[in-house]
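Peer 1: On the provided structure of chain E, position chain A as indicated by the hints.
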Amino acid sequence: MEINDLKQLTKKIKLEVLEMIHRAGSGHLGSSFSTAEMLVALYFSGFLRLDPKKPNWDQKDYFLLSNGHACPTLYAILAYKGFFPTEDLQKFRQIGSNLEGHPKKNSLPGIEISSGSLGMGLSQGIGIALGLRLKNKNNKVVVMMSDGEQQEGAIWEAVMAASHYRLKNLMAIIDRNGTQIGGFTEKQLALEPLKKKYESFGWQVIELDGHNFGQILKVLNKKLKDRPTVLISHTIGCRGISFMEGKANVHHPKVDDVFYQKALQELEKDG
Amino acid sequence: MDKFLISDWQLKEKRALRDAFGEALVEVAKKEKKVIALTADLETSTRLELFHQTFPERFFQVGVAEQNLIGISAGLAMQGFIPFACSFATFITGRAWEQIKICVAANNLPVKIVGSHAGLSHPSDGFTAQATEDLALMQVLPNIKVVYPADFNQTKILIEKITNCNTPIYLRITREPTEVFIKRNSSFTIGEAQILKEGSTATIVSAGPLLAEILKAAAALEKFKIKLEVINLHTIKPLDEKTIIRSLSKTKKLIVVEDHQLFGGLASSIFSSLKNLNFMYKCMSLGINDQFGATAGTYIELLKKFSLDSNSLIKKIKNFVG
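Those protein sequence lines, which keep their order, are chains E and A. 124 is the number of the first residue of the first sequence in the working numbering; add one for each residue after it. 6 is the number of the first residue of the second sequence in the working numbering; add one for each residue after it.
For the record, the hints were derived by calculation from the structure and aren't laboratory data. Just to be clear, a hint being listed does not mean it is correct.
[Said to hold, decoys possible] Below, computed lysine to any residue pairings styled on SDA-like, alpha-carbon distance capped at 20 Å:
| # | chain 1 | residue 1 | chain 2 | residue 2 |
| --- | --- | --- | --- | --- |
| 1 | A | K106 | E | H225 |
| 2 | E | K260 | A | K38 |
| 3 | E | K260 | A | K39 |
| 4 | A | K228 | A | S317 |
| 5 | A | K255 | A | M285 |
| 6 | A | K106 | A | K242 |
| 7 | E | K177 | A | G85 |
| 8 | E | K183 | A | G85 |
| 9 | E | K346 | E | N261 |
| 10 | E | K258 | A | F64 |
[Claimed, not checked] Chain E regions said to be covered by chain A (calculated; three or more residues, Cβ under 8 Å):
| # | stretch |
| --- | --- |
| 11 | 221-234 |
| 12 | 247-261 |
| 13 | 276-283 |
[As the list claims (entries may be wrong)] Beyond 10 Å from chain A on every Cβ pair, some chain E residues (computed):
| # | residue |
| --- | --- |
| 14 | A147 |
| 15 | L171 |
| 16 | D184 |
| 17 | G205 |
| 18 | D211 |
| 19 | I218 |
| 20 | A313 |
| 21 | L331 |
| 22 | N335 |
| 23 | K346 |
| 24 | L347 |
| 25 | K348 |
| 26 | N372 |
| 27 | K377 |
Here the structure is a predicted model, which is why all the values come from computation and not from measurement. No residue lacks a Cβ here, since even glycine has one placed at the ideal position from N, Cα and C.
This is chain E alone, in the form it adopts within the complex:
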């Protein structure tokens, strides 16, 4: 897909996600919107090799959503990609639905890990990457994490190990939207200098604007080094909803009818 198509698709996905969260009465709009362009690029630019008809294909690439709360966008993307019917999307967070509040492995095709409790995805990504190496395969393993999640100690166990094992087919993406449930990350527990931290652990670090498809595609097409890579993707929580952008409570706003109508108008206008 070309950049303009990716932009159009992102708009569609975000409208779908707004609807899902409004209908469910809960769900994390902040990260769902900050991750939207990156997730669309991973799934629709040809970066991840996937076949929705064969979710257990042995040639597939792996995408692990460690920040499980961004799942509304992942669910919408998987449905648009053809992993399951788009009609299922509006059952998000309903009893009896496979679209759990946070992703559960084996509940839906295309979901690689159970997540929601933070700090566990990277370790599992390392295990998958080591398993692939044992089988002499080089499928990509991509793990998305939130920035607040970097406060979990287990992340740094994994960051150390990925570098130790020189896992060059492992890519981490940090959705650096600057906020967590309690407010701004730098006020809660400062993460900066995040780039230096990863570099000192032996990773290749690339910073980019996570809402700019031009930059995203350029970075994804970079040749991998002989060590793990992390993208620090600078984003904005609830991106595209002007009255939420930059707010400390952007992580999990209540999407009531008034919020919904206002947000809908803005998204439909310029996406």
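Peer 2: Okay, now just chain A, sitting in the frame of chain E:
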């Protein structure tokens, strides 16, 4: 007469469960290429040196990082491997509990969680290295089977059985050399308790090397016409309540002995499973009663401290049945 017991077991050399684990894992890994071993810095303590030497490419040292140990093991299991994640019982079940819940148990992945130095079997390092809560932490999780072999020989047989079991397993093993009393060629099934000794006075249920103390006590109590029926609950979950109820319907007296907290361990799960019985029974549980472990020079000293050695058991059982 004895189906499971070695006749002169008290004369045999003591051997540690962890040694059996290390040897058996190499044997199993020769046949089953998907077996992987991982440890959080405790290669020697969990007896993985031979595995490491024999299969260097299938061994992963993850450093002192139990949470990562479990996450990586889950990822390897997703790739079709059979990972054995090894550490001290207290570290792996305690520090990495939530990873075990979410990455392993909820996904029903065949990760084998191996907790060594369990119970009171690591006397000298004190309570921070001892695991007296691990069974509670593991048996509360759906999908996980919990096994605790009685001795060296049973550990050897069990490793192959759990390798072939396509579910998560918690394998509890111990550090100190203890009595070898189960016959090497005795067959048993995961989920089916073993009656090591038949008796009519009282049913006594336990698991792990503590069974040697119980067998010694049972032999001594024969003089007083107290005939204990000794049940080896090598599989703690799923619980074989049928075998226990069958024995209890005969004896009407139940004693549970464990090297674990009484709350959350064998006693808790056994007593809560005995429902809707059409007879009354008397019961007693012996174990660690809402206390932490402690340092001791030897294993037997620590057993005495918690009244779990054979002499203490003899006294308590005499009072109970008398």
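Peer 1: Each hint: holds or not?
Peer 2: Going down the list of hints, with the structure as the test:
{"no.": "1", "hint": "A:K106 x E:H225", "result": "holds (15 Å)"}
{"no.": "2", "hint": "E:K260 x A:K38", "result": "holds (17 Å)"}
{"no.": "3", "hint": "E:K260 x A:K39", "result": "holds (16 Å)"}
{"no.": "4", "hint": "A:K228 x A:S317", "result": "holds (16 Å)"}
{"no.": "5", "hint": "A:K255 x A:M285", "result": "holds (11 Å)"}
{"no.": "6", "hint": "A:K106 x A:K242", "result": "holds (16 Å)"}
{"no.": "7", "hint": "E:K177 x A:G85", "result": "holds (17 Å)"}
{"no.": "8", "hint": "E:K183 x A:G85", "result": "holds (15 Å)"}
{"no.": "9", "hint": "E:K346 x E:N261", "result": "holds (14 Å)"}
{"no.": "10", "hint": "E:K258 x A:F64", "result": "holds (14 Å)"}
{"no.": "11", "hint": "221-234", "result": "holds (count 3)"}
{"no.": "12", "hint": "247-261", "result": "holds (count 11)"}
{"no.": "13", "hint": "276-283", "result": "holds (count 5)"}
{"no.": "14", "hint": "A147", "result": "holds (22 Å)"}
{"no.": "15", "hint": "L171", "result": "holds (17 Å)"}
{"no.": "16", "hint": "D184", "result": "holds (13 Å)"}
{"no.": "17", "hint": "G205", "result": "holds (22 Å)"}
{"no.": "18", "hint": "D211", "result": "holds (21 Å)"}
{"no.": "19", "hint": "I218", "result": "holds (18 Å)"}
{"no.": "20", "hint": "A313", "result": "holds (23 Å)"}
{"no.": "21", "hint": "L331", "result": "holds (26 Å)"}
{"no.": "22", "hint": "N335", "result": "holds (31 Å)"}
{"no.": "23", "hint": "K346", "result": "holds (25 Å)"}
{"no.": "24", "hint": "L347", "result": "holds (19 Å)"}
{"no.": "25", "hint": "K348", "result": "holds (22 Å)"}
{"no.": "26", "hint": "N372", "result": "holds (27 Å)"}
{"no.": "27", "hint": "K377", "result": "holds (27 Å)"}
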